[in-house]
Structure formats: structure tokens, C-alpha cells
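J.: Letter by letter, the chains look like this.
2 protein chains.
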Amino acid sequence: MSLIKPRTLNGFRDYLPAVMIPRERLMETARGVFRSYGFAPIDTPTLEYLEILTGKGSDETDRQIYRFEDNGGRAVGMRFDLTVPLARFAAQHINQLGTPFKRYHIAPVWRGERPQAGRYREFMQCDFDTIGTRNVMADIESVAVINRLLSSIGFDAFTISVNNRAVLTELLRHLDLADQSVAVLRCLDKLGKIGREKVAAEMCEVADVSAAQADKVLQLAELDGEPESIFEALPAITGGGDEALVAIDRLKDVFSGALAAGVPRGRIKIDVSIARGLDYYTGVIFETTLDDLPSIGSVCSGGRYDNLAGLYTKQELPGIGASLGLDRLLAAMESLRMLPNAATPAPVLIAYFDADHRDNYLTLSARLRDAGIANELFPDPKRLSVQLKYADSHGFRVALIAGGNEWGAGTVQVKTLATKESAEVAYSHDRPEELTSCLNRILAEELQ
Amino acid sequence: MSLIKPRTLNGFRDYLPAVMIPRERLMETARGVFRSYGFAPIDTPTLEYLEILTGKGSDETDRQIYRFEDNGGRAVGMRFDLTVPLARFAAQHINQLGTPFKRYHIAPVWRGERPQAGRYREFMQCDFDTIGTRNVMADIESVAVINRLLSSIGFDAFTISVNNRAVLTELLRHLDLADQSVAVLRCLDKLGKIGREKVAAEMCEVADVSAAQADKVLQLAELDGEPESIFEALPAITGGGDEALVAIDRLKDVFSGALAAGVPRGRIKIDVSIARGLDYYTGVIFETTLDDLPSIGSVCSGGRYDNLAGLYTKQELPGIGASLGLDRLLAAMESLRMLPNAATPAPVLIAYFDADHRDNYLTLSARLRDAGIANELFPDPKRLSVQLKYADSHGFRVALIAGGNEWGAGTVQVKTLATKESAEVAYSHDRPEELTSCLNRILAEELQ
Numbered sequence: 001m002s003l004i005k006p007r008t009l010n011g012f013r014d015y016l017p018a019v020m021i022p023r024e025r026l027m028e029t030a031r032g033v034f035r036s037y038g039f040a041p042i043d044t045p046t047l048e049y050l051e052i053l054t055g056k057g058s059d060e061t062d063r064q065i066y067r068f069e070d071n072g073g074r075a076v077g078m079r080f081d082l083t084v085p086l087a088r089f090a091a092q093h094i095n096q097l098g099t100p101f102k103r104y105h106i107a108p109v110w111r112g113e114r115p116q117a118g119r120y121r122e123f124m125q126c127d128f129d130t131i132g133t134r135n136v137m138a139d140i141e142s143v144a145v146i147n148r149l150l151s152s153i154g155f156d157a158f159t160i161s162v163n164n165r166a167v168l169t170e171l172l173r174h175l176d177l178a179d180q181s182v183a184v185l186r187c188l189d190k191l192g193k194i195g196r197e198k199v200a201a202e203m204c205e206v207a208d209v210s211a212a213q214a215d216k217v218l219q220l221a222e223l224d225g226e227p228e229s230i231f232e233a234l235p236a237i238t239g240g241g242d243e244a245l246v247a248i249d250r251l252k253d254v255f256s257g258a259l260a261a262g263v264p265r266g267r268i269k270i271d272v273s274i275a276r277g278l279d280y281y282t283g284v285i286f287e288t289t290l291d292d293l294p295s296i297g298s299v300c301s302g303g304r305y306d307n308l309a310g311l312y313t314k315q316e317l318p319g320i321g322a323s324l325g326l327d328r329l330l331a332a333m334e335s336l337r338m339l340p341n342a343a344t345p346a347p348v349l350i351a352y353f354d355a356d357h358r359d360n361y362l363t364l365s366a367r368l369r370d371a372g373i374a375n376e377l378f379p380d381p382k383r384l385s386v387q388l389k390y391a392d393s394h395g396f397r398v399a400l401i402a403g404g405n406e407w408g409a410g411t412v413q414v415k416t417l418a419t420k421e422s423a424e425v426a427y428s429h430d431r432p433e434e435l436t437s438c439l440n441r442i443l444a445e446e447l448q
Numbered sequence: 001m002s003l004i005k006p007r008t009l010n011g012f013r014d015y016l017p018a019v020m021i022p023r024e025r026l027m028e029t030a031r032g033v034f035r036s037y038g039f040a041p042i043d044t045p046t047l048e049y050l051e052i053l054t055g056k057g058s059d060e061t062d063r064q065i066y067r068f069e070d071n072g073g074r075a076v077g078m079r080f081d082l083t084v085p086l087a088r089f090a091a092q093h094i095n096q097l098g099t100p101f102k103r104y105h106i107a108p109v110w111r112g113e114r115p116q117a118g119r120y121r122e123f124m125q126c127d128f129d130t131i132g133t134r135n136v137m138a139d140i141e142s143v144a145v146i147n148r149l150l151s152s153i154g155f156d157a158f159t160i161s162v163n164n165r166a167v168l169t170e171l172l173r174h175l176d177l178a179d180q181s182v183a184v185l186r187c188l189d190k191l192g193k194i195g196r197e198k199v200a201a202e203m204c205e206v207a208d209v210s211a212a213q214a215d216k217v218l219q220l221a222e223l224d225g226e227p228e229s230i231f232e233a234l235p236a237i238t239g240g241g242d243e244a245l246v247a248i249d250r251l252k253d254v255f256s257g258a259l260a261a262g263v264p265r266g267r268i269k270i271d272v273s274i275a276r277g278l279d280y281y282t283g284v285i286f287e288t289t290l291d292d293l294p295s296i297g298s299v300c301s302g303g304r305y306d307n308l309a310g311l312y313t314k315q316e317l318p319g320i321g322a323s324l325g326l327d328r329l330l331a332a333m334e335s336l337r338m339l340p341n342a343a344t345p346a347p348v349l350i351a352y353f354d355a356d357h358r359d360n361y362l363t364l365s366a367r368l369r370d371a372g373i374a375n376e377l378f379p380d381p382k383r384l385s386v387q388l389k390y391a392d393s394h395g396f397r398v399a400l401i402a403g404g405n406e407w408g409a410g411t412v413q414v415k416t417l418a419t420k421e422s423a424e425v426a427y428s429h430d431r432p433e434e435l436t437s438c439l440n441r442i443l444a445e446e447l448q
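Line order of the protein sequences matches chains A and B.
Going by my numbering, the residue at position 247 of the first sequence is 247; the numbering climbs one at a time, nothing skipped.
Going by my numbering, the residue at position 303 of the second sequence is 303; the numbering climbs one at a time, nothing skipped.
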């Protein structure tokens, strides 16, 4: 029989242990943070009726959906994000769930786009949303969640840029540009990439805006400095109408509330230039960049919307949410050398040295596990050099070695693999404490 | 615009928080156990080349695959189990990974079968395997992993039935039934369901076996009692040939090794009747039943195979693995009332009572979180009765209530929701200890 070539589809990938271990840890950290704020997990089917998925999408998204006819002749598709399923889910269950409804959802999505470096057709999304409240408390909490996510993952230096889209809307209304707002904001979103002049030119060209109007919009967008000075400048620039003042006050509230919630002042930036492309954001919006790696773009973005599920229900569902870019974060952590390089989740390898003592190795392994020390027992009594090579190449930190002599003397050799130091430590199945303390001490030391 | 009806496809389901919370906990527990033995996580694509998926499957599996042509004209399918992807993965990467290769994989799979009560077209699989070793150490460890999985999840009373398929094979060879072995074992697998007489009749009819031969097979299968007495009876029944004795010794080793690894004796049953349908098992096999709910069948099954990836590589990859039935376990835990009934992962609700003190609530919430106490802050200053109703219906255990008086006096009201008892506890942002100790004390109490 001829062999079938083992391969993955273009744009898809296998996750080997060395990559999957930190990826899984990242998801675990995110779950822990979400839960600590009372966000609850949900899951939805991979496959949905195609009409659900294409309801709101742009032509581009629609083209990217993996779609087919199932055995029952139904037109179905694989979800391409977690927002459309959330909208469908909320429309279907919100009366049972009640509001506020706070959920997180960590799950893969699929897009049949042309694969590029670092972009895949299957990738993980990690979203959290608070649905059913317009209160600024939920806006503040979203900023606090982002702060705790990034710091729990291990980042110190990052910036959460916050804006209120309503401030931009009020400025545009003041400038009589309400009708062109989508086009203007789309131009404005490019400010970071193409610079002031090109944005001004594009606004005039594409969005039918005068040079003076473009200048006003850019003046607002370029406000920089301490939050307080920005807050002070905003009323004059936006015209200072009642609704503009409400929008500015909301932004102030988000800032002061975030401080009260423990977000360090230096991590929050009021950036009235960010607009975020999606049309459905209506209020507070945010982006998060890593100070040491700003080039990779925002690692956590989101904002407030007025109506999540208008396609599926007449019930108005306002909310706020954001999405953590897991894959982007992982790539960043790799660049910044924040990832341990290990292909094993267990730090201790027990060498299997002497087949006559098989049961002793098994009991030792169980005793360590009972003490909370993850360990792997090598399954074959191969040469010690083979087992130590395995330990090195997999990133184990400690090898335990015991043969007939050690078992007789009631000791185990503890070999720290980074330093190649060995120590003989007392051990018996009845009294494992000396060994477990020794291991805990070694494992607590920082990896170099 | 007319609304799109929000609904899920037949055979698929949404997981609402009350179900998703324990489901996620279950997966977390499983991951923790796998890691403690050095099993590493992997992930593989949802979509594979169809030829990979249909390579080995039976006609029935093939029919159930969700398949389609992707935009590039490739015939693709959604994985229907995690074993075929593992085989493809191992064939592709084993030279890089080295052996032994120990992996776990928790991921959804899809089968377009007719939906039945409790069966879905999308469900989660949870597999662990040790590849690249024939040593009995890996067999023993698999039993130990199953024991630790079930006990970590919270079960006390369960039975791991262990057999060595080679014992059956040797008996069949001794009886001159080697050629009919698949048919005979398929009949034997029904012993628990249809009883001795019907199995004997079916063996004679379907498998071309004499009544005397069927009686011999059933005599072996019906061996019951203490492991030692079974081990004693086996040589005579199987004919006592060299290979039979080797097979029996292996079974003895698994038993004694599992005891050394800390598996309580009462949880292991040597059951020489289990054969497990799949043809590719060749050695030790196991099934796990819950003593309080045996009717739901095995919740963790698996066994040893000689060659995992023969379709994709000439490299022989022996191994052993098993699959934890997450959905079945969840259903069992619900039947046995082992699941807390909560729609929130946070036990504490902070009522938002007095909008003038917004920042105080935010800081309180952060202080509790810093102390490891997950809490949700109600986002709207609605009537207290509304907030307490929310707390009750979502399964919060404690509500914290503070208005202007409390904030002035430096106290918070702690309301235990099950007993409706309230206590006034000292609290300030600088000294949260009294409150956090009080909450930890309440939360440590067993739920009634």
C-alpha cells in the first residue's frame, strides 16, 4: 500500500509542544483574569447557518467564509469571528440570561484569506464583553481588565490608548461633516501610518472636506500630552456644545475611574485620534500597544456599541467589549524573549535506571506529584546518557537519578541541568519531604 | 429590514455559562493532571486534506465526515477524532520531537451523524498518548493517569477495568480460532449487554465457532474475583504456551505497578472479557466505569497499539493512550449532583449603590481581586433589590453592600446569600485585610 503524505493545508498549522505550552498558558491567564471580574465563559458552534454569518458582514468577510452544504442540504459556514456568534447567542438567550451579561469566549475562527507571513486561516480569538448596560462603570472596567490581562501575562510597559468616539462625532457635527463621518474617520485611522499631510489630502479628496475642516479634525487628533491638558483643550476644539461636553465628561470619567480601579496613570493615554474602522463602535474605544514593540500594532482593542444584535432581535443590546490578540502577543513575547524554551510542562525528569526497582520509580513519581511537583518518568531503562540528552533537549530543569545503590542507601541524586551540579539527597517513600523541599528550592530559582 | 431568526443548527448547541463553567473546569483539571505526568499539549488544524481523514476510517466514519471543496479546489474535511490527526502529526514531526513523545490534545471534533438524545454533531475529545515505547511502564502510567484524572475531578468510587488483549489472542490461537479473532471479539464485547447465552449463540452463528470453543472463550471472559486468583487461573485456560505466559505476566505487571504508583487496589479490576472493538489495539486495554452510575458506560477508555501511523510513514510508532469522555462525565456529575449551580465564576457581587462613591466601589473591587477574591461589580446603580435578585439568580455566594453611611464609617456590609445573614465588617482601601479574611472564611465553607 502506498503511503499518504502527511501534511497540513496551506494556511493551517500544527502546534508543537514548545509553542503550544506558552499558548495554553496565555489562554489560562486570560481566563483567570476574566473570571476574577465575573465574566463567564460561553461556547457556540463552529458551524452556523450561513445566513447568520453573512447577515452583517462586509463583502470581504463574506468571501472569506468557509461555506458548504451539509448532508441535510443546509447552507452552513464556519464562524469567522466571535462577535457575530455572540450577537446571535445574545438575541437567542438574553431573556434567560438577564443583564448585565458578561461573557468571555476563547475559540478558533476561520477565514479563507490569502495566507501571509504570520497570518493563518485558522486562528484563536479571545473576546470579552459586557452586554446590557450603558453605564460608564463598564467602560472603566474594560480598561481595568486590559491592564490586568497584560500585567498578568507578564508585561510591564504598555499603553492603553482611550478615546470616546462621540467626541469625534461631535466635532464632525460642529464642522458640518456629520454626513461624511465614516469617510473622514476612515482617513483619520491612517494618521499613524501615512502622516498628517497625506491624511489631510485624502480627506479633501475622498471625503469632500475643505482644507480648513481637515485642519480642524487633525488639530483635534493631534492633541497630545497629559490627559488633563487634553481634557482642557477639548471643549474649545469641539465647539463646546452640550453633547460635546457630555462626551468629554465621559472620557474624563473613564480616566479617573481607571485610576481608582488601580490602572497606573502612565499606562493610560487619551488619544482622540483613534477611531477604529468598524462602524458599529459608538462610544469609548481603546487600543493597546507594547512600549517595547509598538510596531506589531494593538494587542487588545475594542469599544462600546449601541446595538449588538439588531439583525436578530428588536431588543436593543448596548455593550462594550474587547479582543485580546493571542497570536500577536505570543509573537511579541517570543521577540522579547519572554517565553521559556521548553517542550515539556513538567520540570523534573526521573531517569529509569534499574529495571529491578521499577516500582520504586513509580512510587517516587507519585510522591512528587502528590507534593505538587510535576514530573515525567522515562519509560524505558535506556542508557543514562540517552535519558539525560532527552532531558536537555526537552527543557527539563532537574533530573533525578537513582540506581540500586541509591535505593539501598535511601538517597536520590538531584542533578540541576542548567548548572550540571549534582547533590545526593535523602529520600524514602515514607519521608519524601527532604527531596521535595530541595526540588521546590531549585525550581523556585529564576531561570537565567 | 426583516430579522434573521437566531438559531443553531440541528445537532449543535450553545454552552451557556451554567454549563460552560463546569465544562471548562473539567478541562482545566484534566490539563493539570496530564501536565503533572509530563504530557505536553499539541493542537492540529480543524480542517485536513480529506485523503488524510479517510485513509483508515471505516465506511461509517467516512460518511460522517463534514467535507467540502475549499476555495482552492482542495477536497477537505473537518476532523472526526483526534487519533487520525495525531497519526498524521506524529508521522510528520516525530523526528523533530523524538521519543518518547507524550502528548495530550483537548479539542472539538465533528461527525454528521443522526443527532440523538445526548449526542451532538460537535463534541469535545480529550486524549492522552505515549508514543514510541513498548515498555510496560507506559501501560502502568496510563492506569495511574486515569486514576488521578477521576479522583482530581472529584470521584471516589470508580473502577478501572484492565485487560491485555494478547491474553485473548493467545487463547484464540490455542483454540485454533486465530482467523476468526475479530468476529469472536466483536461478539464478546456484547457480553455485558446481551448475556452469556446470546453471545455464545452469536459466536457459533456469526464467527463459525463450535459450542465447546465458545464455552472456552466465555469461561475466560467470565473469570471474576481478586486479581491474584484470576492470574492463577489464566495459564490453564489459555493453554499456558510461552506467549500466553508473557501476556499474563504483562497483565500482572500492570496491576502491581499501578499499586506502586498509588492506585488504590479496590479501583482496579482485571477483566479479561473486555476486548474493545477497534482493531488497532494489540496489548493492554482499559475501560473506566463509575460505581454509582455504571449505566452510562466507560468514561475513560483506551489501550496499547503497535503502529499508530502506518498510513503515513514506514516508521513504526507503538504507543498507548486513552480518551476521557468529557461530555459523559459532565452528564454523570450532573446526575450525581456534583456540579455547583452557578452562572458566574466569581463568588462575590459588589452592589453599586451610591453613584457619588463610584471610585470607592472600583477600588474595593480591585483590592479584593488583588487578594485573590474574584468579584463582580454591578455596573448600574439600580435598586438594591434588583441587584440582590441578580446575585441570587446567578449563584453568587456573597453580596457586599456599602452606601454613603458605610463609606463614611469605614465599613462594608457582608451578606451571605444562602443564609441571608449580614455582618458589618471594617474596611478601608489601605487596610482591606479584615474584609478579605472574612470573605475567605465564608467562601471556604462547604456549600450545602
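Quick caveat, the hints were computed from the structure, so don't treat them as lab data.
Errors might be hidden in some of the hints.
What the hints assert, rightly or not - Chain B residues, not near chain A, derived (Cβ > 12 Å throughout):
| no. | residue |
| --- | --- |
| 1 | S2 |
| 2 | L3 |
| 3 | G55 |
| 4 | I194 |
| 5 | S323 |
| 6 | L384 |
To be verified - Simulated coverage check for chain A against chain B, where a stretch passes if three residues somewhere in it have a Cβ under 8 Å from a Cβ of chain B:
| no. | stretch |
| --- | --- |
| 7 | 68–76 |
| 8 | 322–330 |
| 9 | 413–421 |
Predicted model only: the values in this text are computed from it and were never measured.
In this text, a Cβ means the ideal position worked out from N, Cα and C, and glycines have one as well.
J.: Looking back at the hints listed earlier, which ones does the structure fail to meet?
T.: Of the numbered hints, 1, 2, 3, 8 and 9 do not hold.
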